[in-house]
Every structure is written in C-alpha cells, then in structure tokens.
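K.L.:
Same order as they appear, the protein sequences are chains A and B.
So for the first sequence, our numbering puts the first residue at 1; every next one is plus one.
So for the second sequence, our numbering puts the first residue at 1; every next one is plus one.
Calculated from the structure, these hints are not laboratory results.
The beta carbon of each residue, even a glycine, is placed where N, CA and C say it ideally should be.
Among the clues, some could well be false.
With a Cα cut of at most 30 Å, we get these calculated BS3-like pairs of lysine-lysine [unchecked claim]:
| no. | chain 1 | residue 1 | chain 2 | residue 2 |
| --- | --- | --- | --- | --- |
| 1 | B | K217 | B | K329 |
| 2 | A | K161 | B | K362 |
| 3 | B | K161 | B | K264 |
| 4 | B | K362 | B | K161 |
| 5 | A | K161 | A | K362 |
| 6 | A | K362 | A | K264 |
| 7 | B | K67 | A | K217 |
| 8 | B | K161 | B | K329 |
| 9 | A | K329 | A | K217 |
| 10 | A | K427 | A | K329 |
| 11 | B | K129 | A | K161 |
| 12 | A | K329 | B | K67 |
| 13 | B | K362 | B | K264 |
| 14 | B | K362 | B | K427 |
| 15 | A | K67 | A | K427 |
| 16 | B | K217 | B | K161 |
| 17 | B | K5 | B | K67 |
| 18 | A | K217 | B | K329 |
| 19 | B | K427 | A | K217 |
| 20 | A | K217 | B | K161 |
| 21 | A | K217 | A | K129 |
| 22 | B | K5 | B | K427 |
| 23 | A | K217 | B | K362 |
| 24 | B | K362 | B | K329 |
| 25 | A | K427 | B | K217 |
| 26 | A | K427 | A | K362 |
| 27 | A | K161 | A | K5 |
| 28 | B | K217 | A | K161 |
| 29 | A | K362 | B | K5 |
| 30 | A | K161 | A | K264 |
| 31 | A | K67 | A | K5 |
| 32 | A | K329 | A | K129 |
| 33 | A | K264 | A | K217 |
| 34 | A | K129 | B | K161 |
| 35 | B | K264 | B | K329 |
| 36 | A | K129 | A | K161 |
Away from chain A, derived, C-beta distances all over 10 Å, residues of chain B [what the hints assert, rightly or not]:
| no. | residue |
| --- | --- |
| 37 | A6 |
| 38 | A18 |
| 39 | G40 |
| 40 | K67 |
Protein chains: 2
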Amino acid sequence: MSVPKAQLEAFLAELRGASPGLDVTTAEATLAPFGQDESGLGTFPPQALVRAVSTAHVSTVLRLATKHGVPITPVGARTGKSGGSLPIAGGVALSLERMDRILEVNADDLLMVVQPGVRTAQVDEAAEKLGLFYPPDPNSADACTMGGNVAENAGGPRALKYGVTRDYVLGLEWVMPTGEVLRVGRRTHKGVAGYDLVGLFVGSEGTLGVATEITLKLIPRPRVVKTALIPFRNVSDAARALSSVLTSGAWPRTLELLDEVALKAIAGQGLPTPPDAGAVVIAELDGNQDDAVLSELSAVVERCASWGSLEAVVAQDEAQRARLWAVRKAVSPALRSLLGQKISEDVVVPRSKVPEAIERFKAAGARQGLVVATYGHAGDGNLHSNVLYRSMDEWPRVEAVLAELMAITLELGGTISGEHGIGLAKKRFLALELSAPLRELQRRLKVFCDPSVVLNPGKIWD
Amino acid sequence: MSVPKAQLEAFLAELRGASPGLDVTTAEATLAPFGQDESGLGTFPPQALVRAVSTAHVSTVLRLATKHGVPITPVGARTGKSGGSLPIAGGVALSLERMDRILEVNADDLLMVVQPGVRTAQVDEAAEKLGLFYPPDPNSADACTMGGNVAENAGGPRALKYGVTRDYVLGLEWVMPTGEVLRVGRRTHKGVAGYDLVGLFVGSEGTLGVATEITLKLIPRPRVVKTALIPFRNVSDAARALSSVLTSGAWPRTLELLDEVALKAIAGQGLPTPPDAGAVVIAELDGNQDDAVLSELSAVVERCASWGSLEAVVAQDEAQRARLWAVRKAVSPALRSLLGQKISEDVVVPRSKVPEAIERFKAAGARQGLVVATYGHAGDGNLHSNVLYRSMDEWPRVEAVLAELMAITLELGGTISGEHGIGLAKKRFLALELSAPLRELQRRLKVFCDPSVVLNPGKIWD
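Start from the sequences, fold in the hints, and give me the full structure.
P.N.:
Pasting the structure below:
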C-alpha cells in the first residue's frame, strides 16, 4: 500500500513550510532500513521519513497528516516483535530517535522525565547513580527506546516482582493523532484527578497518539541481588517447580525458564550446566540485607530440589551474574541460528498452567513436524514459545502451529500477548481473545482519538 | 433535582416487568439513608432504590435508564469522601451491596475473583488464609466495598510501597451505561492484548460503567511486619525526616504522619507519645526475615533521630501493632469531634514538597482564623489536610482555605486528589489541574461511553 505521489507531495510541501528545521527525506537508501523491525514480518519501506526533534514537530506532522489523510507510523529503535513500527500503509515514518534527552532526574521526588528516544537502559543507569531503580528490563533494553516501551507497554524478566512499563509511567506529554498536545497524568506517585488516560495510552501501540515526554516513577534500589542457575532434567520438572516456588511465600524478582532446545541453542556459551540438564531456571532475588536475600534464595533452591532439580549454581559475584544474564539474553538470536528462521510468541497462561502449556505447545509443533522451543518469564506465566523453521516453504505449517498455540493459551485462561503487543503479528488472533462487542468498542475508541485514521493504520485493527 | 414522576414511573414499570426478582423500592424511609455518604456534602435522597443481585439486573437497569433518560447512581457502602455515591440528580440509586460473594480464590494463579459488594477487608482476610496478600488498605477497609474501591481507585497507607487498587485489578466484568456487558482485562498478571480499558475504567468514579465482577491480583504475603511510632517535636521536623528516609534506600510499606492537632484529637486514646511530641510518624516495614526487617526499621528510626526525632517505640507484638493502627484509624472521626465539623482533603504533593505544603496549609487556615490539621500518607506525599470548623456560618472562610490549599498544591506540582476522587467535592477545582483541551477530551469520552448521560450525572463533570 502507498499514498498517491501527488497527495504525499502536497503533504510534504506544507509540512516543510510549517516546520522549519524538520528533517524530511525521501531518499530510498535512507528509507530502506525503516521498512523492517525485529518482527520478521516483512519489509514495508515508508515513502518518506521525518525525524522530529521537538513536540512542535510531532504535533505539526500529525495535524497535517490528518488534514491530508497521510498515514504516519511512529518509529523508535525498531526492536519491536509485533510489527508496530512497520509502515504497512506506506506514507511517512515519524522517527522519535532524535528526541533523546533525559530532561530531569529527581531523587527527592523519586521520578525521572525523559524524551521518547532515550534508551531503556539509560533510564536505569541514571537511576542507579542516585541509588534508585527503574525495574522494567525488556531483553532489548540496551537498544530499545522509552517511546517504544510506552507504546508497547514493555515488560521483561523483572515484571514478575516489579511490574511492567505501565506501572512506572506517571505522566505523559501526548500528541493526539489530530496534532493536539496534551499533558496527561502527573508528577506524583498517587493521583486520581479525572480519567486515567495514561493507563489508556500506555500500550496503545502507536495507534492513539505519540508520547513526546514521559514522566517515570522510580523506586528505592535494592542493595543486594543474588542469582542462582537451577538445572533440571526436563522442562516439565522445572515448570512444576516454578509453580510451587511462587506459592511458597518467596517473591523472586525473576524466574526465567529455558527448555532443552534453548539450552542446545546456547551450548558452548559457558552456561554452567551439568550434561544431563534438560532445562534451567534462573532465579534472582533482591533486598537490602545480604543474609536475608541469600537465605531466601536458598529456600527457592531447596524448593526446586524437592521437585527434582540438579545441583544449583549461585553466582558468586557481579561478573558471574552478568555472564548468566548475557547468556540468557543470547537465547533469542541463538534459537534463530538453529534452523535459520523462527517466530517468537509471548503468550501468557495462568501460572499453574505453565507445565501443561509447554507440553501442549511442543506437541502442537510435533504434529506439524516442527520444533517449538520455550523459554522466558515462566514465573509470571509469560512464555516465549518459538516455532523454528528453515524456509518460507514451511510457513503454512508454522501458521498452523501458531494458531494451535493461541487456541491452547486461551483454553488455559491466558492471553495471546504478554508484552510484545498485537500490532501486525497477532491481529488475526485478537478475535479469539476479545469479544465482538469489546473489539467494536475499542475500534470506536481508536476512531474517537484518530477520526481520520492516519496514525499507525492497520495495527491491532484492520 | 429530580426526575418527573411520570417518567420515573414509566421506567420503574418497565424495569419491574423486565427484571423478575429485582428489589425495587420507593419507600421514603428506605431511601433516606441513600441520600448521604461520608463526604458531608449534603443530603440527596434518590427517588427510587434498586438492589441488584446479578449482572443481568445491572444491565437491565442501565439499558432502561438509557432508554428513559433516568439518572442512575451506583452505590456501595457509601463511605466515599467525594460524594461519588450521592444521587444529586435524583432518579435511582443502584445498590451493589447484595452482590457480595467471593467467587474464586486461586492460590496457584495468585488471583481472586469477587463481586462488587465484597468488603475490602474480606479480600485480604481471604488472601491471608493462603499466605497471600491484597495490599490496598483504605481507612474504611472494614466497611467499604470493592465496587467502590474500583470506582474511586482507593488507596491507603500501604500504597507507599504496594500501590493502589488499580495496580491489583487484572480484569473486570463491566456493564456500560447503555447496559452492554463486557469482559475487559484478563486473569494473568501480564497482558497487552488491545487497549487497557481496565486502566481507563478503574477510577472512573461510577461515570463510565459499573463493575459487576472484579478479578484481583494477589502477591506473596510478607511473613514479617515491624512497626515503629516515631515522635517529633514538631511536624516540620517530621516531614523533613520523611523526605530523607525515602532517599536513604529504605522502602517502608507505610510512612504515616500525624501533626499536633491530630495528636491532640486522639489524646487519651493511648498512643505512647512523650509530652513534648508535636507530631508522630508511623513507619512500618515488611519482609520475610525477622532480623532483616528489624535492622531496616532501626535504620529508619536512626535516620529520623538524625532529624531530631524523640524516643521511638517499636511495637513488640501484633497486639501493639493493632493498637497503633486502631488509633491511626481513629484520627479522622476524632478530628471531627474537636470542633464539630471538618472537611478532609487528600491532595498529593511531590514528596520533597511535603514540609512546605504542610506549613503553607496551616498558614492558609490561620489567615482565615481556621485550624488546618494535617495527617495521612506523607510518605508518598498524599496529605489528609483537614479544615476544622464549628458551623456553616464559617463555610465561606472554609471555602477560601480549600481554594488556597488547592492552589498551593498545584503550585508545588501536586494533584488535587490522591485517592478520594473528584466526584462532587472537587469538580470546581478540576479546571485548575487539567487543561481545557484535556477536560474537553475527557468529557467527550464520558459521552462516548454514556451517550444519554444517565450514569452518575453531575460527578467529575457538570
């Protein structure tokens, strides 16, 4: 899909006139990379790219897009997994990457104000300098930007204890699809004045507006973090152990699971696992007292032992911890390299259903002659189940497996997306989870905010 | 205001026909108590009362109300402080109190499903039996109901560490003002499928719909809770100490403050404070290790000592803890009894501004010859500043003080309501906090959900 040349030219001409200093380009070489993200859903280069450096830029782009009916796709670091930043309708990619300043770090008020182009890792690094903590830790934290985190309501391993992006966004400067600039939310950790539009806008996947300033809640940083690698003979034992850990009173900040395929993918990367390990759990606890955290970690390790875990390894220092997490972060690319292609899901099932879900996902793959690898945030039921394949010839069978994964997930009382979003990737499955009246209300809400349907069209909704 | 008799009769007649078993009454004696709540904003008896026992009842009431243009005010325990449950437009009070069943307590999935009439305290009692925790603890927890907590996004002392009602609502069965029944949200702790309507609906003060089923997130219950009463010579020292505690790395679950007027009000109730105490802080920490929690509490007490606190008292057992909190809960009624009348605010200022806010609130009262007492959740900046008065003769001066409190709060970067809601009480101040375009968008959102404006009209918006 694309916008007729004359229509686009008229839009760009008025935009250039109205936005001095706005970087507008139509050079194909520059546009090319903006046609892809990490969803692997294809290549959809925009017809033009604008790089905003101010809220006024964003507002003008959207106001004129609404006037000219030109599709706008907001873009950050393009690390998304659901295709949210793919300009599938053509038109203009609106990059926020140059709005990359941390505007305020306020230790007394436990908050930070950032522009959308600030990388997620920068936020926690700045907080750490003041003994504070920004917990959300998507796997792409070093590359992804806060605008994208807000759009997708990004999660990560620590969501188990600390929640997701939405739990840390206090306020937003928000540009509506019409170009109207609003300040929603607040600077205090508590507040109920008016409707919670922050709650509505976070996770709206770039379809209800664009964040140009983000006020984040920070919390005191735990002084002690202890991490254990707990091997199991097989993933079923591991999954059952996890369920039982969470009802034992312990509250780890992460309970990550890697199945035997994930382990095979990262073999040789130095994860200290015994040869008979068919799965591992990475359990991490935090607090302010060394002994207390260690004894809680021991309790978790013992609980796992009672479910048949093998000898656990507790990271002895920060370097060992960092190595464990580096290997964990390497799982996704390593799985891709096994057969060349993969598609990664992020379904969530009620915690008690994790063992059954993993077994049924594997069986669903096997029925199509495909391998399903499962790893991820099993502690909160958020499973990154990956369907591995070699080439597009296998795609119809991959599709069949994905459909089964979604059906099983919903049958178990889960949700089709825990943190990646619907975007383009899961549009076709949304009707399985949300009722027709609920989808209708949400579509109407989209049009309520974006009457001309110019902002990220074709995402979530057709 | 009231609905013409013929119009009301036509509505009630059709309602009775359509809802077998629905308890409908127009008996004045029964209606009278439904004309008041704990806001002290006046008496507005409804013209009829319906007591729903099912979602179908609620749906039919709203569908027919929309058809007949009859105002419906949802009512729980009427413990609200902002007038949210007052039928100011006349019409019908819709009581949810008889939908009072806990439908599911699921320890494996860490969740609970309740009807709106379940009392808040019941939720945590049921969770505690399984070693789980429902943290929100509004002062009225023993009386207020979850439907009201969802409508107002209720908070409480523990919000400092654990957040508010909204942070624990995973899903809702929600009846739109048109009568349409929707299931929004999910049963998993994580999920991003579609827009976050749970975020939008929680805290909508009974203006966007009615919750008929609430799915709540539970968390592991800390095994150890330690509480200290820390006296100070004056409230300024106390407030400054609080700010510094929160930047020291400690993360208490409550940091409550009582100023000298609040202390005077509860004199004789047995709070163990020295004679020269002009303020007290109640600091409570939790965890799973006795020594760790005690040593963190000691660190908080020492930090306060460095800011001039007097001899602190650490509760030695559960009975002493309960006693401290019983006295804390008694502050609000005790303050009323000082002069006979009071109006309680719930403004929030950035934590670092708490000392300045308290001093300026007092001065604002003094300028009008009135006493302003401040107590509450100072740890997160949420201050219950109370203007005390004797009779309505003083009301104009009370109003003048309230207006100054709001102006000071906003000047300090705060919000006019932390947990009570706007309702009727703060409608006139909302324009001071929310911009005209933002108010306009929210008003339009109200009409988007409630085209006939029959659900709780006159609340938040005129």
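K.L.:
Next step is simple, just say for each hint if it's right about the structure.
P.N.:
Verification of the hints:
{"no.": "1", "hint": "B:K217 x B:K329", "verdict": "holds, 26 Å"}
{"no.": "2", "hint": "A:K161 x B:K362", "verdict": "violated, 40 Å"}
{"no.": "3", "hint": "B:K161 x B:K264", "verdict": "holds, 29 Å"}
{"no.": "4", "hint": "B:K362 x B:K161", "verdict": "holds, 28 Å"}
{"no.": "5", "hint": "A:K161 x A:K362", "verdict": "holds, 28 Å"}
{"no.": "6", "hint": "A:K362 x A:K264", "verdict": "holds, 16 Å"}
{"no.": "7", "hint": "B:K67 x A:K217", "verdict": "violated, 44 Å"}
{"no.": "8", "hint": "B:K161 x B:K329", "verdict": "holds, 19 Å"}
{"no.": "9", "hint": "A:K329 x A:K217", "verdict": "holds, 26 Å"}
{"no.": "10", "hint": "A:K427 x A:K329", "verdict": "holds, 27 Å"}
{"no.": "11", "hint": "B:K129 x A:K161", "verdict": "holds, 21 Å"}
{"no.": "12", "hint": "A:K329 x B:K67", "verdict": "violated, 56 Å"}
{"no.": "13", "hint": "B:K362 x B:K264", "verdict": "holds, 16 Å"}
{"no.": "14", "hint": "B:K362 x B:K427", "verdict": "holds, 23 Å"}
{"no.": "15", "hint": "A:K67 x A:K427", "verdict": "holds, 27 Å"}
{"no.": "16", "hint": "B:K217 x B:K161", "verdict": "holds, 16 Å"}
{"no.": "17", "hint": "B:K5 x B:K67", "verdict": "holds, 16 Å"}
{"no.": "18", "hint": "A:K217 x B:K329", "verdict": "holds, 28 Å"}
{"no.": "19", "hint": "B:K427 x A:K217", "verdict": "holds, 27 Å"}
{"no.": "20", "hint": "A:K217 x B:K161", "verdict": "holds, 12 Å"}
{"no.": "21", "hint": "A:K217 x A:K129", "verdict": "holds, 15 Å"}
{"no.": "22", "hint": "B:K5 x B:K427", "verdict": "holds, 29 Å"}
{"no.": "23", "hint": "A:K217 x B:K362", "verdict": "holds, 29 Å"}
{"no.": "24", "hint": "B:K362 x B:K329", "verdict": "holds, 22 Å"}
{"no.": "25", "hint": "A:K427 x B:K217", "verdict": "holds, 27 Å"}
{"no.": "26", "hint": "A:K427 x A:K362", "verdict": "holds, 23 Å"}
{"no.": "27", "hint": "A:K161 x A:K5", "verdict": "violated, 50 Å"}
{"no.": "28", "hint": "B:K217 x A:K161", "verdict": "holds, 12 Å"}
{"no.": "29", "hint": "A:K362 x B:K5", "verdict": "violated, 65 Å"}
{"no.": "30", "hint": "A:K161 x A:K264", "verdict": "holds, 29 Å"}
{"no.": "31", "hint": "A:K67 x A:K5", "verdict": "holds, 16 Å"}
{"no.": "32", "hint": "A:K329 x A:K129", "verdict": "holds, 24 Å"}
{"no.": "33", "hint": "A:K264 x A:K217", "verdict": "violated, 39 Å"}
{"no.": "34", "hint": "A:K129 x B:K161", "verdict": "holds, 21 Å"}
{"no.": "35", "hint": "B:K264 x B:K329", "verdict": "holds, 15 Å"}
{"no.": "36", "hint": "A:K129 x A:K161", "verdict": "holds, 22 Å"}
{"no.": "37", "hint": "A6", "verdict": "holds, 33 Å"}
{"no.": "38", "hint": "A18", "verdict": "holds, 20 Å"}
{"no.": "39", "hint": "G40", "verdict": "holds, 19 Å"}
{"no.": "40", "hint": "K67", "verdict": "holds, 18 Å"}
Hint check: violations occur at hints 2, 7, 12, 27, 29 and 33; the rest are consistent with the structure.
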